[in-house]
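Trainee: Chains as they are written, first to last, in the working numbering: chain U, 1 to 257; chain Y, 1 to 251.
No lab work stands behind these hints, which were simulated from the structure alone.
There may be inaccurate statements among the hints.
Unchecked claim - Lysine to any residue pairs mimicking SDA-like chemistry, simulated, CA-CA at most 25 Å apart:
#1 Lys-46/Y / Leu-41/U
#2 Lys-46/Y / Gly-6/U
#3 Lys-46/Y / Gln-203/U
What follows is each chain in one-letter form.
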Amino acid sequence: MNAPGGLARTAPVFAGRSFKRFIRTPETIVATVGFPLILMLTLLAVFSNAVEAFDDGGVYAQRLVPALVVSGLMFGSIGTAVGFFSDLGGGYMQRIRTLPIAPAGPLVGAVIAEVGRAMIAVVVLVAVGYVVGFRFDNGLVPVFGFGALAALAAVSIVWIGLALATVASSQEALGPPLSALFLLLLFFSRGLVPLDAYPGWAQPIVEANPATAYVTALDRLARGGELAEPILASVAWSIALTAVFGSIAIRSVRRHP
Amino acid sequence: MSSLVADTRLLGARSILRARRNPATVVGAIVFPLLFFALFNIVMRKVLDAQGFDYVQLLPPTIVVQAMIFTGMSSAYYVAADRLSGFSTRLRSLPVHRASPILGRAVGDLARASVSLVVIVAVGVVTGMRFESFGGAIGFLGVALCFALVASLGMGLLGYVASSPDAAVSIASVPYLPLLMLSSGFVPVEDFPQWLQPFVEWQPVTAVIDALRALAGDGDLGDTLPVAVGWIVGLGVVFAALGARAFGRSS
C-alpha cells in the first residue's frame with residue numbers, strides 16, 4: 001500500500017491537484033460560497049419574519065447556516081463532478097492509467113480535496129452567520145464536531161456526482177440533473193422551515209432525506225439537543241452514499257474507455 | 001409594407017420553431033415555473049397562511065412574473081446566439097425589412113410567454129386560485145404579456161454585449177434574483193427589514209405582481225395598475241431606445 005504508486009502515496013497528490021483546481025475555478029468557488037451566502041442573506045430578508053413567527057421565535061439564521069453549509073457542499077460538488085468529467089474525456093485519465101499507480105488514486109484524491117472545500121464553506125458561512133444572528137451555544141467541542149460533520153457530509157455527497165460523471169454522456173447530462181436533485185434535497189431538508197410547516201404527506205419525505213440528517217446534526221451540534229440520533233443517521237447515510245456511489249464510480253472509471 | 005408583414009411572419013415562425021426544438025427553452029418555460037410553484041407551495045404555504053397571506057391566491061401571480069422574466073432570459077440567449085453565429089449580420093445583407101428581426105423576436109417572446117402563462121394560470125386555478133371577473137382575467141393576461149415584452153427587451157440588450165449565449169443568461173440572472181425575491185411576491189412587504197421596505201415597495205416587479213393580484217381580485221386596482229403600467233411603459237421606452245442603438249451598432 002505504501003509502494004511508490006500505491007493509493008496512500010498517489011491519493012494525496014491527486015487531492016492537491018483537485019483542491020488547486022477548486023481554488024482556481026471561479027464557478028466552483030461561487031457555487032460553494034458565493035451562492036449560499038447570497039441565498040442565506042436573501043432568505044433571511046424575505047422569510048425570517050414569517051418563519052420566526054411560525055417557529056415560536058426561533059432565530060432564522062440558526063436554522064439557515066446548517067442548511068446552507070449542506071447546500072454549499074451539494075452545489076459545489078457539481079463543480080468537482082464536472083471537473084472530473086472533463087478529465088475523463090480529455091485524455092488525462094488515459095494518460096494516468098498508463099502510469100504505474102493505483103487506479104482509484106484520482107477519484108480518492110478528488111474526494112479528499114472535498115474536505116478542504118467543506119472547511120472553506122463552513123468558515124465563510126459561519127463567519128457571515130455570526131453577523132446575522134447564528135451562534136454556537138453548545139461549548140467548544142461541538143464546534144469541531146460541526147466542522148468534522150461538514151467534512152463527512154462533503155466526502156459522502158461528492159460520490160453522487162463522481163459516479164454520475166463516470167456514466168454521463170455529456171456535461172449537459174451531468175450538471176442539470178445534479179442541480180435538480182440537490183435543489184429538491186435542499187427544499188425538503190427541514191433547513192428552510194420547521195418540519196411541521198410541510199404538508200403531512202411531505203413530512204416522511206423530509207425525515208427520510210439525507211440532507212435532513214446532515215442539517216439536523218449540524219443544527220444540534222451548534223445549538224445543543226439530542227445528538228445521538230441525527231449523528232447516527234448522518235453516519236449511516238455517509239456509509240450508504242459512499243458504498244453505493246463510490247463503488248459505481250470506482251467500478252465504471254476502470255471500464256471507462 | 002408587405003415585406004414588413006411577410007418578413008416578420010417568417011422570422012417569427014423561426015423564433016417559435018427554434019424555441020420548440022430547444023429542450024432547455026421548453027424546460028425553462030414550463031418545468032421551472034411549475035417546479036418553483038410546487039416547491040414554494042410545499043415549503044412556505046403553511047408559514048405564510050399563518051400570517052394571513054393566502055398563498056393559493058397570491059403565489060400564482062408571482063410565478064407568472066418569474067416566468068415572464070425567464071422569457072426575457074431566453075430572449076437574451078437567442079439574441080446572443082444570432083449575433084455570434086452571424087445570422088443577424090447575414091439578415092442585414094438581405095432585402096429584409098429593417099424592423100422584422102426585432103418584431104420576429106418579439107413574436108417568439110410572446111409565444112413562449114403565452115405558453116408559460118397558460119400553464120401557470122391553469123395549474124393555479126386547479127389548485128384554487130380564483131379570478132373575480134372575466135375582464136380582470138383578460139387584464140391579467142395582458143399585463144403579464146406586456147411585462148414579458150419589456151423583460152425581453154431589457155434582457156435582450158445583454159445579448160448584444162455578452163461573449164456567449166450562456167454568458168448572456170448568466171448576466172441576466174444577476175438582476176433577476178434580487179428583483180424577484182425582494183418583492184411582494186413571496187411575503188407581505190411589511191415582513192422585510194425596515195431599511196429594505198422602500199425598495200421592495202417601489203421596485204417594478206412588486207408593482208407588476210401587485211397589479212396582477214388586483215386584476216385577479218385581491219387589492220385595489222386604482223392603487224396598483226397605474227404604477228405597473230407606468231413601469232412597463234417607462235422601462236419599455238428606455239429598453240427600446242437602448243435596443244435600437246445596440247442593434248444599429250452591432251452590424
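Trainee: Going back to the hint list, which numbers does this structure go against?
Mentor: 2
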